[in-house]
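Student: Could you build all of it, start to finish, from the sequences and the hints given here?
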Amino acid sequence: MNYALDAGMEIHLNAGMTAVVEAGTSLTLKVGSNFININPGGVFISGTMVMLNSGGAAGSGSGCSPGAPTDPTAAQEAATDQPGQVTQAQSTPIQQQPQSLDSVSVSGLQTVQAKALSTAAQSGTPFCEICEAAKG
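When you number the sequence shown by the numbering used here, it's gap-free, plus one each residue, and the end is 136.
Please note that the accuracy of each hint is not assured.
Unchecked claim - Pairwise CB distance ranges, derived in the manner of DEER restraints:
#, residue 1, residue 2, range
1, Gln97, Phe35, 22 to 32 Å
2, Val50, Ala114, 50 to 60 Å
3, Thr111, Asp6, 24 to 34 Å
4, Ala4, Ser54, 54 to 64 Å
5, Ser123, Gly41, 21 to 31 Å
6, Ala7, Val50, 46 to 56 Å
7, Ala75, Thr18, 39 to 49 Å
8, Ile94, Ala4, 49 to 59 Å
9, Val112, Ser26, 54 to 64 Å
10, Asn2, Thr111, 29 to 39 Å
11, Leu29, Pro66, 43 to 53 Å
12, Glu10, Gln76, 11 to 21 Å
13, Gly24, Gly124, 15 to 25 Å
14, Val21, Ala75, 30 to 40 Å
Since the hints were derived computationally from the structure, they do not count as laboratory data.
Fair warning: this is a prediction, and the values are worked out from it, not measured in the lab.
In this text, a Cβ means the ideal position worked out from N, Cα and C, and glycines have one as well.
Tutor: Structure (C-alpha cells):
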C-alpha cells in the first residue's frame, strides 16, 4: 500500500519526546538537488556544500496545533421504508464452442510467435533449419 500527503507550504510534525521514522529499505530527505539517503548500502549525502559540525542550524516549523475531532453527525432519516427498485435485466448464456484436441484454433489476438509455431506444427516445417540439419 502507499500513502501520500501533499501540502502547499509546510508540514510540521511534532512529538513531545521521541519521533521515529522507519522504512524497510530506504529513507531519503530531499531539498532541491541536495539529499540524504539512508539504505542498506550506507548513508549517502549529496549537496552543493556539505557542512558537518560546522554552521547551519535546525529549522523550525510554524507550530503544530491541529483542531480537536468533532462528533459525527446523526444519520439522515430515509425518505421511505420501502426497499429500492428491482430491475428486470436478464443475462444471455454463453454458447460453448466444441473443440477437439487435435485441432485448436486460437483467436486473432494470439501473438505473432504463437502463430508461427502453430503454422509450423500444422505443416510439419522444422522450427530451425540449422538445428534440424544437425540432428540428421
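Student: Next, verify each hint and record whether it holds.
Tutor: Tested hints:
1. Gln97 <-> Phe35: 22 to 32 Å: violated (59 Å)
2. Val50 <-> Ala114: 50 to 60 Å: The hint (50 to 60 Å, Cβ to Cβ) holds, given that Val50 and Ala114 are roughly 56 Å apart.
3. Thr111 <-> Asp6: 24 to 34 Å: Distance hint for Thr111, Asp6 is violated at roughly 41 Å.
4. Ala4 <-> Ser54: 54 to 64 Å: With Cβ atoms ~35 Å apart, the hint is violated.
5. Ser123 <-> Gly41: 21 to 31 Å: Distance hint for Ser123, Gly41 is violated at roughly 55 Å.
6. Ala7 <-> Val50: 46 to 56 Å: The hint (46 to 56 Å, Cβ to Cβ) is violated, given that Ala7 and Val50 are roughly 27 Å apart.
7. Ala75 <-> Thr18: 39 to 49 Å: Between Ala75 and Thr18, where Cβ atoms are some 40 Å apart, the hint holds.
8. Ile94 <-> Ala4: 49 to 59 Å: Check failed, 41 Å falls outside 49 to 59 Å.
9. Val112 <-> Ser26: 54 to 64 Å: Because 40 Å falls outside the window, the suggested range is violated.
10. Asn2 <-> Thr111: 29 to 39 Å: holds (33 Å)
11. Leu29 <-> Pro66: 43 to 53 Å: violated (23 Å)
12. Glu10 <-> Gln76: 11 to 21 Å: 37 Å Cβ-Cβ, so the 11 to 21 Å window is violated.
13. Gly24 <-> Gly124: 15 to 25 Å: violated (55 Å)
14. Val21 <-> Ala75: 30 to 40 Å: holds (39 Å)
When the structure is compared with the earlier hints, violations turn up for hints 1, 3, 4, 5, 6, 8, 9, 11, 12 and 13 and for no others.
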